[in-house]
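Spelled out, the chains give:
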Amino acid sequence: MAPDQTNLLQGTLHMMILKALALGELHGLGVSRRIEQITKGTFQVKPGSLFPALHRMEEEGWLESHWGESENNRRAKYYKLTGAGRRQLEAETKRWGRVALAITRTLEAS
Amino acid sequence: MAFARMKSLLRNLLHTQREERELDKEVRAHELLLADENIRAGMNPEEAGRQARLELGGVEQVKEQVREIRAGHLLEMLGCDVHYAARMMRRSPGFTTTAVLTLALGIGANTAVFSVVNAVLLRPLPYPDSDRLVQMWSTNPKANRWGMWTAYPRFEDWRRENTVFEEMATARTWVISIKGGDHPESLFGVITSSQIFQLLRVQPMLGRGFLPEEDQPGHDHVIILSYGLWQRRFGSDRDVIGRTVDVDQQNYTVIGVMPSDFRFPPELPASYRVDAWLPPAPDPSRNERGSNNYYTFARLKPGVTLAQAQAEMDAINDGLAEKHSEDRELGVKVVGWRRQVGSEVRPALLILVGAISLVLLIACANVANLLLARGAMRQREAALRQALGAGRARLIRQFLTESLLLAVFGGAVGLLLAYQGVDLFIRLAPDIPRLNETTIDPHVLIFSVVLTLGTALIFGIAPALQGSSTDLQDSLKESGSRLTIGSTRAKARSVLVVAEMALALMLLAGAGLLVRSFVRVQQVDLGFNPKNLLTAFVMLPPSKYPEPRRQALFFHEVMDRIASLPGVECAGGADSAPMLTNDTGPVSIEGHPVEPEIQAERPKITPDYFCAMGIRLLRGRTFTWADSEGSLPVAIISESAVRQYWPNEDAMGKRVKLEDGSAPVWRQVIGIVGDVRQDSVVEAARPEVYAPLLQVPVPYLALTARTRAEPAVLTAAVRQAVMAVDKDQPLSGIKTMEQVVEDSVAGRRFQMSLLAVFATIALGLAAIGIYGLMSYTVNQRTHEIGIRMALGAKRGEILHLVVRHGMILAIVGVVLGTVGALLLTRFLSSMLYGVGANDPTTLLSVATLLIGVAALASYIPARRAMRVDPMVALRYE
Chain Y
1 MAPDQTNLLQ
11 GTLHMMILKA
21 LALGELHGLG
31 VSRRIEQITK
41 GTFQVKPGSL
51 FPALHRMEEE
61 GWLESHWGES
71 ENNRRAKYYK
81 LTGAGRRQLE
91 AETKRWGRVA
101 LAITRTLEAS
Chain D
1001 MAFARMKSLL
1011 RNLLHTQREE
1021 RELDKEVRAH
1031 ELLLADENIR
1041 AGMNPEEAGR
1051 QARLELGGVE
1061 QVKEQVREIR
1071 AGHLLEMLGC
1081 DVHYAARMMR
1091 RSPGFTTTAV
1101 LTLALGIGAN
1111 TAVFSVVNAV
1121 LLRPLPYPDS
1131 DRLVQMWSTN
1141 PKANRWGMWT
1151 AYPRFEDWRR
1161 ENTVFEEMAT
1171 ARTWVISIKG
1181 GDHPESLFGV
1191 ITSSQIFQLL
1201 RVQPMLGRGF
1211 LPEEDQPGHD
1221 HVIILSYGLW
1231 QRRFGSDRDV
1241 IGRTVDVDQQ
1251 NYTVIGVMPS
1261 DFRFPPELPA
1271 SYRVDAWLPP
1281 APDPSRNERG
1291 SNNYYTFARL
1301 KPGVTLAQAQ
1311 AEMDAINDGL
1321 AEKHSEDREL
1331 GVKVVGWRRQ
1341 VGSEVRPALL
1351 ILVGAISLVL
1361 LIACANVANL
1371 LLARGAMRQR
1381 EAALRQALGA
1391 GRARLIRQFL
1401 TESLLLAVFG
1411 GAVGLLLAYQ
1421 GVDLFIRLAP
1431 DIPRLNETTI
1441 DPHVLIFSVV
1451 LTLGTALIFG
1461 IAPALQGSST
1471 DLQDSLKESG
1481 SRLTIGSTRA
1491 KARSVLVVAE
1501 MALALMLLAG
1511 AGLLVRSFVR
1521 VQQVDLGFNP
1531 KNLLTAFVML
1541 PPSKYPEPRR
1551 QALFFHEVMD
1561 RIASLPGVEC
1571 AGGADSAPML
1581 TNDTGPVSIE
1591 GHPVEPEIQA
1601 ERPKITPDYF
1611 CAMGIRLLRG
1621 RTFTWADSEG
1631 SLPVAIISES
1641 AVRQYWPNED
1651 AMGKRVKLED
1661 GSAPVWRQVI
1671 GIVGDVRQDS
1681 VVEAARPEVY
1691 APLLQVPVPY
1701 LALTARTRAE
1711 PAVLTAAVRQ
1721 AVMAVDKDQP
1731 LSGIKTMEQV
1741 VEDSVAGRRF
1751 QMSLLAVFAT
1761 IALGLAAIGI
1771 YGLMSYTVNQ
1781 RTHEIGIRMA
1791 LGAKRGEILH
1801 LVVRHGMILA
1811 IVGVVLGTVG
1821 ALLLTRFLSS
1831 MLYGVGANDP
1841 TTLLSVATLL
1851 IGVAALASYI
1861 PARRAMRVDP
1871 MVALRYE
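These protein sequences, in sequence, are chains Y and D. If you count the first sequence from 1, position 69 lands on 69 in this note's numbering, and the numbers rise without skipping. Adding 1000 to a residue's 1-based position in the second sequence gives its number in this note's numbering.
Among the hints, erroneous ones may be present.
Each computed DSS-like pair below joins lysine-lysine, with the alpha-carbon atoms no more than 27 Å apart [claimed, not checked]:
no.: 1; chain 1: D; residue 1: LYS1657; chain 2: D; residue 2: LYS1179
no.: 2; chain 1: D; residue 1: LYS1333; chain 2: D; residue 2: LYS1544
no.: 3; chain 1: D; residue 1: LYS1063; chain 2: Y; residue 2: LYS77
no.: 4; chain 1: Y; residue 1: LYS19; chain 2: Y; residue 2: LYS46
no.: 5; chain 1: D; residue 1: LYS1142; chain 2: D; residue 2: LYS1657
no.: 6; chain 1: D; residue 1: LYS1063; chain 2: Y; residue 2: LYS19
no.: 7; chain 1: D; residue 1: LYS1142; chain 2: D; residue 2: LYS1179
no.: 8; chain 1: D; residue 1: LYS1333; chain 2: D; residue 2: LYS1323
no.: 9; chain 1: Y; residue 1: LYS80; chain 2: D; residue 2: LYS1063
no.: 10; chain 1: D; residue 1: LYS1007; chain 2: Y; residue 2: LYS77
no.: 11; chain 1: Y; residue 1: LYS46; chain 2: Y; residue 2: LYS80
no.: 12; chain 1: D; residue 1: LYS1007; chain 2: Y; residue 2: LYS19
no.: 13; chain 1: D; residue 1: LYS1179; chain 2: Y; residue 2: LYS46
no.: 14; chain 1: D; residue 1: LYS1323; chain 2: Y; residue 2: LYS80
no.: 15; chain 1: Y; residue 1: LYS80; chain 2: D; residue 2: LYS1025
no.: 16; chain 1: Y; residue 1: LYS77; chain 2: D; residue 2: LYS1544
no.: 17; chain 1: Y; residue 1: LYS19; chain 2: Y; residue 2: LYS94
no.: 18; chain 1: Y; residue 1: LYS46; chain 2: D; residue 2: LYS1727
no.: 19; chain 1: Y; residue 1: LYS40; chain 2: Y; residue 2: LYS77
no.: 20; chain 1: D; residue 1: LYS1333; chain 2: D; residue 2: LYS1142
no.: 21; chain 1: Y; residue 1: LYS19; chain 2: D; residue 2: LYS1142
Chain Y residues, not near chain D, derived (Cβ > 10 Å throughout) [unchecked claim]:
no.: 22; residue: LYS19
no.: 23; residue: GLY24
no.: 24; residue: LEU29
no.: 25; residue: GLN37
no.: 26; residue: THR39
no.: 27; residue: HIS55
no.: 28; residue: GLU60
no.: 29; residue: LYS94
no.: 30; residue: ARG98
Simulated from the structure, these hints should not be mistaken for laboratory data. Virtual Cβ for every residue (Gly too), placed ideally from N, Cα, C.
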């Protein structure tokens, strides 16, 4: 893991976690693997960033959690989006679109 | 969302343990999931577990990172830190007590000094809207005089012509005698114009203030009593209003009683109590434009600035200078009143503030030193906490919390000390205006809290940085650290000890200079002998003794009676006596061009005055009772008068004239006496021209009686002697001359004592500092010393090794401190007498003292080092 991959901007990390959970509930490792899969390995989320983010988002009311069984019968904590989480994902997606567009234009302008 | 966070905050604070268990399970489950993945990828279980732990990066670290983002985390952590810090403090009571007491001393002393500064210099005057109050001084730029009082007629012109002040008033102190009871009593009165109470916005407690016309002749026999006089002399009788009292043998009507907390003038020291306020009726000088006796003040109209007031007063003054010859040379200056009140003591107080701040810095350095030493012992603890996931910031916060807790305890104890200290300060301090207003008020409390926090930061920051920067590897290893650890720590401690030495030297230098000045002051030849000398004042009321002849006869008889008392050697009197009273003014010298600026002291004396005072007669003769009205007008002059008026001639037989309003006659010089210190111990003697009382009668004398034994026992006898001549005549201000001289140097003595105490504390703290460091070093180097001894080092060499280390620190500190002292002591120069601000003897002696103390403080641990048993030291590992 290259060090720059771990320094995800916090907002970006939140957005990616929301996106990862948009398709259904996952435990922590699942979230991390889903992000790797979506980004084709560009982003790898370490537990040291993942868990603080999950807990923070749960405190914000975007996620809720419950204990469940994993595929090989281990107890794990599962997270899923709340209504507020879905609205947050929409808002973040829109904002990201605007920012990305702006940055692309800036880079092309010169 | 805000609501969601609040809910989380509550949950986190209320269900900490459940949250913690959940978190632990979650993170551990993650580790197991990772391991499962690795097994699926084909690793053996052991390798899978290892890889999982590596990727996780430590269960405790992850948990700590989660905790840090939780709502209420800061609060919870602070609670933890305080709890932990309190436990650490309880666990080492010796350390805690030392640190808290050191801080309490520093913070307490600073708080006490600040509360005095607050009362004397910062707090508004004790009247409503006092920031609009100003004082007005007459000036004489040609004579370089900037703070003269003002003649009453001139004040009346100012009051009539100005448009910038709401009110203007004037006042002077006045001794009145009041009759009735078992003996007549001298009262301390204040003569004032009628607007004073409207101006100050203070109302009498009973009755009324002065009416506007009550400072004019015909309406002016009214008097307002102080609360104290009303209680003492009138038995708190509420019917006193309207009653007639006998003041200076004239009838005055009581119109009011002031409340007990009313103080005026505000700059009057607490030991003076004003008994009564009255119009200028008794003062014969109220119509004299040349007598600058009144202290004038005013209240600015709203919106008028000081500069506008000054401009208008300048214009009024120009008009008056054209109309009145007495005003021709005079100017006027308007100044804020509060600033003026503290102006004389400001330099002395600021020096105290500076000195006590240095003491606090030394205290901080000492506590920082203690913390660093403890940091060394707690290194493993810090490393362990780091290994368990605490970041550096987290550790710094923990260490600072501990410092803060120490400081808070120190501050609390310090506040108690300050409370006591202020009382002590007020009791011991000489007369300082408004000192009695000193209290621990909210401003002082805020100061003390800010000081406490600042202190915690100053002494806590170095140990916190040091304590948190541990090298995990080194610290956790069981051994091998003994020789390497703490080299930077020791360096930091050395810097602190050097700083303490330097600061202590500066304080010692300041105190040393003041002590040497005081010794010089004590050695001054006053020109008179204050031992066995009783003094008192007699003021004859002009209403009863209108003729000068009768005044002179009264004093002649009193002198004879006092002189014949058993135990009295001789008795004299003068209207101007050293450190008691003044009559300074112009004199003329025959044959010299008229110069109004020839000023001299002009005492009118009884014949035995020189005998009583112990002033030396150098040539000619003293006065006798035969030098009276009909005989040749004579004078006796002092050595400095000879030097100034007839530098190269024989002064005997020359003639002088007093320009004091008495009969303008030339007086022949019949004697020359030694100089006296007229104004104070430290001010040089001025020319004196003495005249016999019978030729120039005055209604006011300072009596002086030389006694064979302790003078105070004659007080009653002297009072009886005066009352035997006139049973209504009171005597005031009875004191021994030694007391008078002592009072005049009391401020100096106090300043010196305080600085000496501060310097002693500083010296003690610095000694503890260097002792602590050397003990620590010896402990750290036990192993090394053991090796040295095993290799053949002699005990003396070991002793030398340690003491030399201490001496190097002390000498570096002394050198730096000397540089600091050379820069700082010039601020003391106005308080020094007979020594220069950079007096080498003083600097050398305090440097020697400091190095001596440092040597002793290093010798004790060095002896311990010398006794190290090499076998024990080496086995100690």
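Compute the least Cβ-Cβ separation between Y:GLY24 and chain D, then decide whether it is above 10 Å. holds, 17 Å
Is the Cα-Cα distance between Y:LYS46 and Y:LYS80 27 Å or less? Holds, at roughly 20 Å.
Evaluate the condition: distance from the CB of Y:LYS94 to the nearest CB of chain D exceeds 10 Å. Holds, since 18 Å exceeds 10 Å.
Quickly compare the C-alpha distance for D:LYS1179 and Y:LYS46 to 27 Å and report which way the hint goes. violated, 98 Å
May I ask you to check that Y:GLN37 keeps its beta-carbon over 10 Å from the closest beta-carbon of chain D? Check passes; 13 Å lies beyond 10 Å.
Mind checking the alpha carbons of Y:LYS19 and Y:LYS46 for me, to see if they're no more than 27 Å apart? holds, 17 Å
Given the proposed pairing of D:LYS1333 with D:LYS1323, does the C-alpha separation stay at or below 27 Å? holds, 20 Å
Assess, step by step, whether the Cα of D:LYS1142 is no farther than 27 Å from the Cα of D:LYS1657, and give holds or violated. Distance ~24 Å between D:LYS1142 and D:LYS1657 Cα, so the pair holds.
Is it true that the CA of Y:LYS19 sits at most 27 Å from the CA of D:LYS1142? violated, 90 Å
Could you let me know if the closest chain D CB is still more than 10 Å away from the CB of Y:GLU60? violated, 6 Å
Quick one: work out the minimum CB distance from Y:THR39 to chain D and report holds if it exceeds 10 Å, violated otherwise. holds, 18 Å
Straight-line alpha-carbon gap D:LYS1657 to D:LYS1179, limit 27 Å: Roughly 39 Å between the alpha carbons, so the hint for D:LYS1657 and D:LYS1179 is violated.
Checked against the numbered hints above, the structure breaks hints 1, 2, 7, 13, 14, 16, 18, 21, 24, 27, 28 and satisfies the rest.
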